[in-house]
Amino acid sequence: MISKMAVVDTTTIGSGTKIGEFAIVRMGVRLGKNVIIHPHVVIEPGVVVGDGVEILPGAYIGREPKGVGATARLPEFERHVSIGSECSIGSNAVIYYDVRIGRNTLIGDNTSVRENVTIGERCILGRAATVNYHAQIGDRTKIMDLTHITGNSIVGNDVFISVCVGTTNDNAIGKLAYDDSRVQGPRIGDKAAIGAGANLLPNVEIGEGAVVGASALVTKNVLERKLVMGVPAKVVRDVE
Amino acid sequence: MISKMAVVDTTTIGSGTKIGEFAIVRMGVRLGKNVIIHPHVVIEPGVVVGDGVEILPGAYIGREPKGVGATARLPEFERHVSIGSECSIGSNAVIYYDVRIGRNTLIGDNTSVRENVTIGERCILGRAATVNYHAQIGDRTKIMDLTHITGNSIVGNDVFISVCVGTTNDNAIGKLAYDDSRVQGPRIGDKAAIGAGANLLPNVEIGEGAVVGASALVTKNVLERKLVMGVPAKVVRDVE
Amino acid sequence: MISKMAVVDTTTIGSGTKIGEFAIVRMGVRLGKNVIIHPHVVIEPGVVVGDGVEILPGAYIGREPKGVGATARLPEFERHVSIGSECSIGSNAVIYYDVRIGRNTLIGDNTSVRENVTIGERCILGRAATVNYHAQIGDRTKIMDLTHITGNSIVGNDVFISVCVGTTNDNAIGKLAYDDSRVQGPRIGDKAAIGAGANLLPNVEIGEGAVVGASALVTKNVLERKLVMGVPAKVVRDVE
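Chains as they are written, first to last, in my numbering: chain R, 1327 to 1566; chain A, 1327 to 1566; chain B, 1327 to 1566.
If you are wondering where the hints come from, they were derived from the structure by calculation, not from laboratory data.
A pair counts as met if it fits within one copy or between any two copies, since identical chains are not told apart.
With a straight-line cut-off of 20 Å between C-alpha atoms, the simulated SDA-like cross-links for lysine to any residue are:
#1 1546 with 1556
#2 1552 with 1513
#3 1330 with 1352
#4 1330 with 1353
#5 1552 with 1530
#6 1344 with 1371
#7 1359 with 1343
#8 1560 with 1545
#9 1501 with 1564
#10 1552 with 1497
#11 1344 with 1391
#12 1392 with 1447
#13 1560 with 1533
#14 1392 with 1429
#15 1546 with 1562
#16 1344 with 1333
#17 1359 with 1336
#18 1344 with 1378
#19 1330 with 1347
#20 1392 with 1412
#21 1392 with 1406
#22 1359 with 1347
#23 1392 with 1402
#24 1501 with 1465
#25 1392 with 1404
Extracted from the complex, chain R is given alone in its bound form (with noise of 0.2 Å):
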């Protein structure tokens, strides 16, 4: 069922697939089968779209990155995007070229994902969040509404990051020019949980089960299962 008021310049397309009115899929884009395209979405060339993926009203799937500014960095892509069977695209959510995104992954409403990122499988990226370039996220991790993933940073496998966490990447605050030795995210180990409103600092490390309190700021490392809270934040106690 592939409306007549659709564009559709591509003819590898699955069976079962829909697509809806006004949606546009550009030459070069694959999709898989019982695929459901829903109206005003766009899906640029090289994009490809695994079994049983849903993409909600008005997202934009293929968006190329734009470089301003004397200090920022100027972007490297590759024309292609991959996502896995079974995910879920949110409504008006947008997705850069070169994003991987593993099977049965919800990205949430309002998203947007910049290019050189990863995102494993089983993971819910929420609404309303943002993730920016060369960010790499593994498996079954939970990153909730409106929280900031920065460029640069590395979450690991079953993760939870609540709502409204910002993390950085820039100790010089945007008045050098882009360095990718010096700018560097966060790297957060598997099984941790940053609390809601947290922040965390450049380059800090997270270890494996730590337990950040909400809106606590962590300016250096935490070590494997303890819980840091406040502002600084500072080790309370060992993670049961």
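Put chains A and B on the given structure of chain R with help from the hints.
Showing chains A and B alone in chain R's frame:
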């Protein structure tokens, strides 16, 4: 004035109602009088829109929730949305099924409201805000931009919640299976006010007329007409 | 290259300009040379778009503000928007009427800018950010994702504001009727920097070159070239 470029499958449309280009109004939708449906809006079956409502471009009304992941809650919902007269629904806003919105309420751009939610009349819900499942919001309450209202929470009448506020409902931070009796958001009393960037832990009660300062972390109940501040929040004085 | 599936009511279109499918460009819009209007963009009458501008899918330019509620401000605005040459307007961004944006500025995806706002040249406004009415933002300033710039605020040149920052303009937190002389946002001097998750109370002044640490709560003026940290923020040292 119904655009010939819109897809309109319902005939229950009041006088004076306008539907813009590339909008989609599915079968069984009921539109009141003098409604303005802007271009690219999608309205699913079972949605009832009151007189004088304006729905801005790209809004999506009647989204189905989708349960994913081992510990997640299975969504239950009715295929119904009601939007009271004179409401304004922002551009690219997403309203899930089973939401009831009172008259004269404004929903901001890029804001998303999940299933089983009631919002009263004369409320303002800001831009890029998110409301989770099974939240109950009273009348004349204002919830500002970039704020998250968690699942299973109750917000009273005449409440003011500032920008960038995080609320939470699960002390197990994603580690346990979903259980209604354990997962409880805050209960915020009438006329209470919550400052910018505050975070509220699960299950706290904010008394009537209480004030939570900006950046505060509320870890326990706040009695009525008390002012609390700090991380963690402590009582500073009575509210005048 | 103007798509036959677009709605184009203006004839003031520069050479080399492209308009994508299902885009809507109303009467009286002026588009410069080599502009790219992606699919599903809506541009209302009175919008002027400079040469080389790119507007990504689903953006809405020329939204009318809507006043609601007893204590709200009645919006005043001109039906005009100007977007300087070489700007990039993100996917699903919403730009209200009476906004002026300088050249070479980037507005992120899902970001919303209200009426009576001026943004300078070579700025970056991140994704899912919100700017309220009557804010003035200088040149070469960067405002990162998920940050809110309040109404009646002034942000200087070469300022850096990190992610998840909240700014406010009303100590009465929604309890009193709107009054311009009372409702004042912060004034942030040139070259100042505001860390992630910081919150700024109404009417504070941040001096030139001052730095506000991550998670800080600014409750009073910060002198130029001072570094402040904490909740509430205190002076730590001079900025080098």
